[in-house]
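A.B. asks: First to last, the protein sequences are chains R and U. For what it's worth, my numbering labels the leading residue of the first sequence as 90, then goes sequentially. For what it's worth, my numbering labels the leading residue of the second sequence as 19, then goes sequentially.
Derived by calculation from the structure, the hints in this document are not laboratory data. One thing to keep in mind: the hints can contain errors.
Cβ-to-Cβ under 7 Å is the rule here; a few derived chain U residues that face chain R [stated by the list, open to error]:
1. Leu36
2. Val37
3. Val40
4. Phe41
5. Pro144
6. Val151
7. Val279
Beyond 10 Å from chain R on every Cβ pair, some chain U residues (computed) [as the list claims (entries may be wrong)]:
8. Gly125
9. Gly202
10. Pro203
Ideal Cβ placement from N, Cα and C applies to all residues, glycine included.
Residue strings, one per chain:
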Amino acid sequence: MTAVLSPSGPPGPPAGAPPDPVRPARPRWPLSARYVLSRLLNAVLAVWAVLTIVFFAMHLTGNPASLLLPIDASEEEITRLTAALGFADPLPEQYLRFLGQVLTGEFPDSIRYGGDPVALVLERLPATLLLGTWGMIIGASLGLAAGAVAVFGRNRRLRRVPVSVLTALEAVPSFFLGIVLIAVFGIVLSVLPLRGAGTPAHLVLPALVIGLALAAPVARVFRTSLQEGTGAEHVRLAEAKGIGRARVVLRHIVVNALAPVLNVLGVQAGVVLGGAVVTEAVFGWPGVGQLATSAIDSRDFPVVLACVALIAIGFVLVNLLVDLAAAILDPRGGRR
Amino acid sequence: MSALAVTPRRRAGRTGSLVAGVFLGAVVLAVVFAGVLFPGGYDAQDLTRRLAEPTWFGPLPLGTDELGRDMLARVLYGGRPALGISAVAAVLATVLGTAAALGATLGGRPWDGLIGRVADVQLAVPTILIALVVLSFSGSGTIPLIGVLTVGSWVLTFRILRAQLATVVALPYIEAARLAGAQGPTLLRRHVLPAAAPLLVVALTLNFSTALVLESSLGYLGLGIAPPRPDWGQIVASGQAQLAGAWWISLVPGAFLVATVVSIQIVGDRIADLLTLPGSQDGTR
Numbered sequence: 090m091t092a093v094l095s096p097s098g099p100p101g102p103p104a105g106a107p108p109d110p111v112r113p114a115r116p117r118w119p120l121s122a123r124y125v126l127s128r129l130l131n132a133v134l135a136v137w138a139v140l141t142i143v144f145f146a147m148h149l150t151g152n153p154a155s156l157l158l159p160i161d162a163s164e165e166e167i168t169r170l171t172a173a174l175g176f177a178d179p180l181p182e183q184y185l186r187f188l189g190q191v192l193t194g195e196f197p198d199s200i201r202y203g204g205d206p207v208a209l210v211l212e213r214l215p216a217t218l219l220l221g222t223w224g225m226i227i228g229a230s231l232g233l234a235a236g237a238v239a240v241f242g243r244n245r246r247l248r249r250v251p252v253s254v255l256t257a258l259e260a261v262p263s264f265f266l267g268i269v270l271i272a273v274f275g276i277v278l279s280v281l282p283l284r285g286a287g288t289p290a291h292l293v294l295p296a297l298v299i300g301l302a303l304a305a306p307v308a309r310v311f312r313t314s315l316q317e318g319t320g321a322e323h324v325r326l327a328e329a330k331g332i333g334r335a336r337v338v339l340r341h342i343v344v345n346a347l348a349p350v351l352n353v354l355g356v357q358a359g360v361v362l363g364g365a366v367v368t369e370a371v372f373g374w375p376g377v378g379q380l381a382t383s384a385i386d387s388r389d390f391p392v393v394l395a396c397v398a399l400i401a402i403g404f405v406l407v408n409l410l411v412d413l414a415a416a417i418l419d420p421r422g423g424r425r
Numbered sequence: 019m020s021a022l023a024v025t026p027r028r029r030a031g032r033t034g035s036l037v038a039g040v041f042l043g044a045v046v047l048a049v050v051f052a053g054v055l056f057p058g059g060y061d062a063q064d065l066t067r068r069l070a071e072p073t074w075f076g077p078l079p080l081g082t083d084e085l086g087r088d089m090l091a092r093v094l095y096g097g098r099p100a101l102g103i104s105a106v107a108a109v110l111a112t113v114l115g116t117a118a119a120l121g122a123t124l125g126g127r128p129w130d131g132l133i134g135r136v137a138d139v140q141l142a143v144p145t146i147l148i149a150l151v152v153l154s155f156s157g158s159g160t161i162p163l164i165g166v167l168t169v170g171s172w173v174l175t176f177r178i179l180r181a182q183l184a185t186v187v188a189l190p191y192i193e194a195a196r197l198a199g200a201q202g203p204t205l206l207r208r209h210v211l212p213a214a215a216p217l218l219v220v221a222l223t224l225n226f227s228t229a230l231v232l233e234s235s236l237g238y239l240g241l242g243i244a245p246p247r248p249d250w251g252q253i254v255a256s257g258q259a260q261l262a263g264a265w266w267i268s269l270v271p272g273a274f275l276v277a278t279v280v281s282i283q284i285v286g287d288r289i290a291d292l293l294t295l296p297g298s299q300d301g302t303r
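Please build the complete structure, drawing on both the sequences and the hints.
C.D. replies: In structure tokens:
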């Protein structure tokens, strides 16, 4: 505690007294190697678990061979295609082969396009990353602003309305929110393009749809942790010491309240990715989500698997980064 | 606990929740009796009345689509898969989540750890991904859809209930019941479950609304109920191309969906308030 407060506190101990033993001599690297390693291990385990779930989900639910062939295909034809695709092999063998495909990135060729599915996915990846990043930026800014206003707002209405509006919008499924935004900004006001990609104007609505889905939980968590902060003892102490209001709020309340927000962003990364699948469909955005949806339409399961594997890895990576960033912001977690 | 923290609570006073309840009841009744209201079915075409605008209170209140089909009939018939599949999935998810929470609470440490881990992993996989994989391999039908929606929503129930049960089991009256000789199923049925009952109602409504949103999103993506049977998400998707000329095909069914989702949440919150949840954030009614 002393270490935190002393820079802006009264001048150091009186001459002659021993130096404060609590104060660290130099700033330490905020993350212990052990923590980073355990998080990394966790991430690898999570990817493995996700891939295992995906594998068993698909093998418990059906045989794509029967979907690839016309409805009137004979039993014999189905059996032949099943064997050709490797679905007749024993399950453990298929499982190991699947893990191997993910590790080496060598999935079977795309049924529709004929090429390497990973190349197809990577080609679409930048568009999805662009959309997801802007969605996250919009969502985090809207959520942080609404959460801050909810605590520090001048009057009761200002404190309540923004969070309520975001929470109300949260109930609207993102595909419908997208369509309403298209109707308003694309058709009635005709200021933004209806669908497609290419210019920054194309990015506005889809990023807004993703951002709005993200903003409500961010706002609620930020509001809660700000409220906890305003009553905390270290804040009362800082105020009692005569530190300016702005500095107390920023340095002692807001920074501490950011760690839970980061955690929410990590948890909601799944919402962003899932939302990206839907949002890309609404706006015809040429990203990984659209590739996955159209691959399902054409029963192109190698492409579906490559998409899912990549999205899952991306999701786990985002969570890893969020965990590390949260540990830097709130060192208590890092020492555990 | 974090699951609870990010869960929205929709407060709508007495009047608001009454309106929501009445709306929800009306929608459910109209959807169930769609066959009586529209004996002609959802597919009756009449090319002489193509793309008629909604009259709201006259004949064809929600207008017609490009084939002259009555949109009100399509919305009501479309509510059958939407509400039916989501409701079944919500019940299954609640049962599964409750069983998991009971197993974790009463089964001792190893079970607690195992089930908690499974829930964590499940939470780490965006539901829509599981849906994409399963539906690409099995084709979309009622059963795979119910399975996907159930798998996608049991974790929230598990988390909420697990936290609640942990506090309940530690309460003195459970200890007293144990000392009085209650054990096993009796303890569970008479003493543990009643304390969790209000939370179960909330979990059920929450699952219902999340399942409905997911079901209609899948329907929008073309992974839900296959045409010609209508489904809310699918109707919204089919109207998107005509948004400029015939806005009602897409926007009216979508507004219906949103109103239903919000009503379910408001009704669930109201029930929770009436039962005065011990775990509710503000305690007061």
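A.B. asks: All hints, please: hold or fail.
C.D. replies: Cross-check of the supplied hints:
1. Leu36: It is violated, given that the least Cβ distance between U:Leu36 and chain R is near 19 Å, above 7 Å.
2. Val37: violated (15 Å)
3. Val40: U:Val40 check fails; min Cβ-Cβ to chain R is 18 Å, beyond 7 Å.
4. Phe41: violated (14 Å)
5. Pro144: holds (4 Å)
6. Val151: holds (5 Å)
7. Val279: Holds: closest Cβ of chain R sits about 5 Å from U:Val279, inside 7 Å.
8. Gly125: holds (21 Å)
9. Gly202: holds (33 Å)
10. Pro203: Holds: least Cβ distance 31 Å, greater than 10 Å.
In summary, the numbered hints that this structure violates are 1, 2, 3, 4.
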